[in-house]
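Enquirer: Here the protein sequences come in this chain order: H and D.
End of the first sequence = 268 in the working numbering, gap-free, step of one.
End of the second sequence = 342 in the working numbering, gap-free, step of one.
For the record, the hints were derived by calculation from the structure and aren't laboratory data.
Idealized CB from N, CA, C, for every residue including glycine.
Please note that a few of the clues may not be correct.
Residues on chain H that point at chain D, a partial pick, calculated with CB under 10 Å [stated by the list, open to error]:
#, residue
1, 7
2, 10
3, 96
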Amino acid sequence: MTRILIKLGAFIKRDFLSEVSYRLAFVMQVGGMLLSLLAFFFMTKMMDPNAEGLNGIPPFDWLLIGLAFQFYFSTALYSFSAKIRSEQVLGTLEAMLVSPTPTSIVIFSSAAWDFTWGAFRVVLYLLFATLVFGVKLQLNSPAVLILGVTLTLLSSAGLGILSASFILYFKRGDPINFLLSSATTFFGTVFFPVEQLPEWLRPVSNWLPITWSLRIVRGALLQGQTLTELRGELAALAILTVVLLPFGLIASRFAIRRAKREGSLIQY
Amino acid sequence: MGGPGVAAAPAFGGRLAIEAEGLEKTFTKKRSIREIVKRPFGPAEPIHALRGVDLSMREGEIFALLGPNGAGKTTLLKILSCLVLPDRGHARIAGIDTLEENRVKPLLGLVHSDERSFYWRLSARDNLRFFARLYDVPSRRIETRIEELLRRVDMLDAADRPFADYSSGMKQRIAIARALLHDPPILLMDEPTKSLDPASSLALRSFILDELSRRDGKTILLATHNLREAEALADQLAILVAGRVRQRGTVAEVRRHGIDRPRYRIELNASADPLVGPFRVESDQAADGRRIAVVLLDEGASWEAMVRALLDARLTVQSCDSMELDLEEAFSRIVAAERVGP
């Protein structure tokens, strides 16, 4: 376990060094976040604070959590496949795979920086929101929040690894990402509550981990809800995690094996 | 390049360092859109990269794998380094099947020909730090190991510059340092001098020979199509053509390939007398008062019989040298023979 963590740290450090070597882009990203929050702040002033599904949460606060976590979720979805593809193109994947580090660890760790940066962005969003826009956080149960974020991380990692498996095998064309990012944006309660959708469409959102993640985070962070109040949401997210993570891992094992047999592991 | 060495390679307990047994690998060629439109359900064209390759290398040997482009050299290296699975046959490193990659990989270092295999915005030192973690170099040893290797490959002064700023020769030296991070007993080198200028190639060759082979006792498998490199470095070589080993042995043995009868270059005093004896004259030229002939001995004839025949004809033999093909000529003959047919 320690060895895995050490390797994870090496990947994070590598990508951090690479990222900060593009200093202007790094600073602009942070500036861009603040600007987008500003735009949403004024946009949500047009919204009805009593709209169905907001559950008494002010529209900007509600959207803020959606935005912060959608970025995190899409990081999980895209970063595995994007990193694998980029390492294939750079020629560095082969160099990593001849090392004694197992292929699965290489794939897992390749997205470690993106997850770290994603978490940092969430924290920055919340910081901006509280300091600049006066959002009031009511965190009564940090454990629930940590559990919810961990389950979000694991379930979305399952989907991300599944998507990386597609890239490993097919090189291009990643239907998983396309379907999920579209579905997340529309059904995932990122931009509007599911109650705003026609009734017959609403059940789709129940199949998406982000729906449950956002309910947990909004509940824990903005409404001060505790484990008792959020146990249903946590259970639903846990079930999706238990299905998605092993499925992603099995798919990646299969894809790596096939790619090695086909000789396509390091091609792009 | 030079400097303090590292620990000598461990012994493999009498086992062969590298062994390939009946290795076969076939890839399928990607079909173009035109082919897919023309024959949507047609089969993809197979590419037979390896067709039953048998090879063995002893510990401490430098073995050159020669072959034209597309001969299967890189496929063989990828199978040995656990990146590709063979369709049939077995590859073993120190007696361990390459399917057991967790046991095999720590024994191997791969030097790529591709200089892209680094992070160009990071320095050599940061690149090596990252790969040291992947190669399980203990944390407390990483900095000293990197320092030691940078010194050995003569890159200490430039180690903190971005990788993108390095010349091809410098990049290749960092590639060697990376392959040595975990001090593996076996090095697989895929055309290590491919993009180097002659001076850098020469320096790298002497580093391979003097430092890695003689000093550290590394076993080195070198895939190359540079015959001069193979000749300068290899104890043993194999010529791979169209996925098959066509010839293997020492450089001298491979040079003699296809020459079933000895050939001699004879220098004589100028005379017009015909050359008669147990041989066939391949060329006979006179210049500057000397006569130089190249003869091929008849089957079963000896060198002594040839000289006796010349002396009996009252010719003055000034010198008589056995002629061998150079490696390039032998290589061309072997490749040409493959093109005619097995």
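Enquirer: Determine for every hint whether it applies to the structure shown.
Expert: Results of checking the hints against the structure:
{"no.": "1", "hint": "7", "result": "holds, 6 Å"}
{"no.": "2", "hint": "10", "result": "holds, 4 Å"}
{"no.": "3", "hint": "96", "result": "holds, 6 Å"}
In summary, this structure violates none of the numbered hints.
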